[in-house]
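Student: Residues per chain are reported as follows:
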Amino acid sequence: MGEMKLFFGPNHPGLHGNFSVHMYVEGDTVIRARPVPGFLHRGFEKLMERRLWYQNLALIPRICVQEPDINEACYAMAIEKIAKVDVPERAQWIRMIVLELARIANHMWAFGGVGGPTGMYTSMYWSVSDRDKVLDLFEELSGARIYHMYIIPGGVRKDFPPHFEEKLVKLLDYIEGRLPEYETFVLKNRILHTRLRGIATIDTETCLKIGVTGIGLRATGVPYDIRKIAPYLFYDRVEFDVPTATEGDALARISLKPQEIRQSIRIIRQALEYMPSGPVNTKIADGNGLRIRVPKGMAYAKVESTRGEYGYLVVSDGEEKPYRVAVRGASYPQGLYGVEHLMPGTRIDDVPIWLDTMGVCAPEIDR
Amino acid sequence: MTVLKVAGIFLTAFFFGLTFEGIGRKITARVQRRYGPRWYQNFIDLFKTLSKHGYTHGWIFDFGVIMALGGIIASLGFVPVGGIVAFPGMDNFFVIVYLFTIGSLGMAMGMVGTGNPWASIGVARALTLMLGYEVPYMISIGSMLYFYRTSSISAIMSAQGGDWNLFKFPIGALVALISLQGMLGKEPFEAPIAPAEIASGPMVELSAKYMGLLMLMNTFMEFAEISLFVDLFLGGGTYFVFLLKYLVVWVLVVLISSVLPRFRIEQAVYFYWTVPIILAFVQVFMTVNGFVF
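Residue numbers (the numbering used here), protein chains in the order written: chain A, 36 to 402; chain B, -16 to 276.
A couple of the hints might just be wrong.
For each label pair, taking beta carbons as the anchor points, the in silico distance ranges come out as [said to hold, decoys possible]:
no. : chain 1 : residue 1 : chain 2 : residue 2 : range
1   : A       : Pro196    : B       : Ile10     : 37 to 43 Å
2   : B       : Leu238    : A       : His57     : 37 to 43 Å
3   : A       : Gly178    : B       : Pro20     : 30 to 36 Å
4   : B       : Pro20     : A       : His57     : 34 to 40 Å
5   : A       : Thr317    : B       : Ile10     : 53 to 59 Å
6   : B       : Leu110    : A       : Thr64     : 15 to 21 Å
7   : B       : Ala(-10)  : A       : His57     : 48 to 54 Å
8   : A       : Lys318    : B       : Pro20     : 51 to 57 Å
9   : B       : Met121    : A       : His57     : 40 to 46 Å
10  : B       : Gly145    : A       : Thr281    : 54 to 60 Å
Examples of chain B residues toward chain A, derived with CB under 7 Å [to be verified]:
no. : residue
11  : Val14
12  : Gln15
13  : Arg245
Honestly, the hints are just simulated from the structure, not real lab data. Here a beta-carbon is modelled for each residue, glycine too, at the ideal position from N, C-alpha and C.
Sequences are here, hints too, so could you generate the full structure?
Tutor: Okay, structure coming up:
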């Protein structure tokens, strides 16, 4: 049987339109695959060198559309490390709540979203609908639904609005109540099991070799979570578990998502309990208004995103703009090396499942 | 008179086919916690696409689209719809199945003519799936034809009276319903279309009026297939009773499809050739040995 080249994206319903995989297939099986990024390349890292420290806050959330808050957190934490600034305690707790809320929103999206590549669109629409409830809260908190620009160097932009905490608790109760229905609908579906089991399998050794972290690594049995390994904010003050699985396949990765949502809810409840009152931001450095000058230095800050380790290396030469900012996208390893080395052998039918459950996020590859 | 009857069948298929599709979209939307489009959205889509200039992919493509629509229109004319029988004495099950094949082959030819590999994969899947569902379906219906000693749809309808074949041949009806899900290309048998996998397969290169013509073909095909089920298992009925039964079957199909993911193509064929085919043989065994309720 002859080899044929197929384009999986950018114009393909199985992809978001900003990434492409050139597949060389024999029959139904991919024998070679070449990732083609660059459709969303806007030169984020270079642009940051031309903008003021604070101006970059409007730019960085766009590096990962589906989970923008992690960018704000990494950027702010790296600057604070360089400036050696202590962020107010309340701001730290609020940051944790925001990051965990964003985590819930993204996990909900991805968990139900597995219905997209497998044709079970109902779970996809359900999860989008429930994710919207989280976005409603974000809108109330920050004025924006997706790109919040809420976490800033020195703390957060403003304190919780009135009655926000009650609404948050209500939302957490609602999501907790919905999870069993999702699990029944998605995880107990026998057809879905046959579609996901044994598909896009990755082992621990390969994960470590190419740099896959997060749920991809945890699905192979390694309890690697930045929040536990190298706690930031106040993750060392709260109790939570790191769910793991051993199969390393698409089903294992999807099965971990509702468990992780439960842990995030647990973390937020504790944060609400422990959070003191007080200021929510502090001055980061000298300068007029937004034109601050961050002291000379270099720092790397990392957080646990829904797809793994997400980090910012920030270099300052003491000027009003960063000297260099480098972003470590969480899905960079699986999106580039993974597609090339792990996708061959996959059936055409399973390619969208592969890309979806591996959590490939094109903007953070392009950045 | 025959011309009027044929026109009546086509107008019924056109108006109620599109209307029920619209209702189906609304029901699916409500299951998915959406508002969904208006019930007449399919009419708007159809007229809009038919009124636009489309791009051809050569004469094989043009001919395939016309052949697909023509084949389905021809088969629809033979299906008794709500008491309207356009060709009395000729509404034979095998004639309808034969003409159906022309429509499917026309679509296959036209879509492969586009030269797009996704379309070819979709067509290959559609034909493979057809092999899957046709075998249990034909075995199941065959046992019923054997029981009635006729393949005339009208004769089977009138033989049922108030005693539907759904209750006389429950296992056969179940097999036909499962097969119907595949014929309509609904989940879990959506592999030939599978947007996320093969970019909607046969439809990938369709634009404007070509899309409109195949939307119309799809509506007519759905109408003919569900009408056959209503005639064979639910006793057909007078015009409005028939439409009511049709709507019930359609809603059932839509509800099933809205809560299930899709099989891979080989899983779908494997399923058809295991569960429904065993059930179909059970129905045959029961029919041949006189176990008809």
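Student: Now tell me if each hint is right for this structure.
Tutor: Hint check:
1. A:Pro196 with B:Ile10: 37 to 43 Å: holds, 39 Å
2. B:Leu238 with A:His57: 37 to 43 Å: holds, 39 Å
3. A:Gly178 with B:Pro20: 30 to 36 Å: holds, 32 Å
4. B:Pro20 with A:His57: 34 to 40 Å: Since the Cβ atoms of B:Pro20 and A:His57 sit about 36 Å apart, the hinted range of 34 to 40 Å holds.
5. A:Thr317 with B:Ile10: 53 to 59 Å: This hint holds: roughly 55 Å between Cβ atoms.
6. B:Leu110 with A:Thr64: 15 to 21 Å: Given a distance of about 20 Å, which is inside 15 to 21 Å, the answer is holds.
7. B:Ala(-10) with A:His57: 48 to 54 Å: holds, 51 Å
8. A:Lys318 with B:Pro20: 51 to 57 Å: holds, 53 Å
9. B:Met121 with A:His57: 40 to 46 Å: holds, 42 Å
10. B:Gly145 with A:Thr281: 54 to 60 Å: holds, 59 Å
11. Val14: Since chain A brings a Cβ to about 6 Å from B:Val14, closer than 7 Å, the hint holds.
12. Gln15: Interface hint status for B:Gln15: holds (4 Å vs cutoff 7 Å).
13. Arg245: holds, 3 Å
Hint check: no violations occur; every hint is consistent with the structure.
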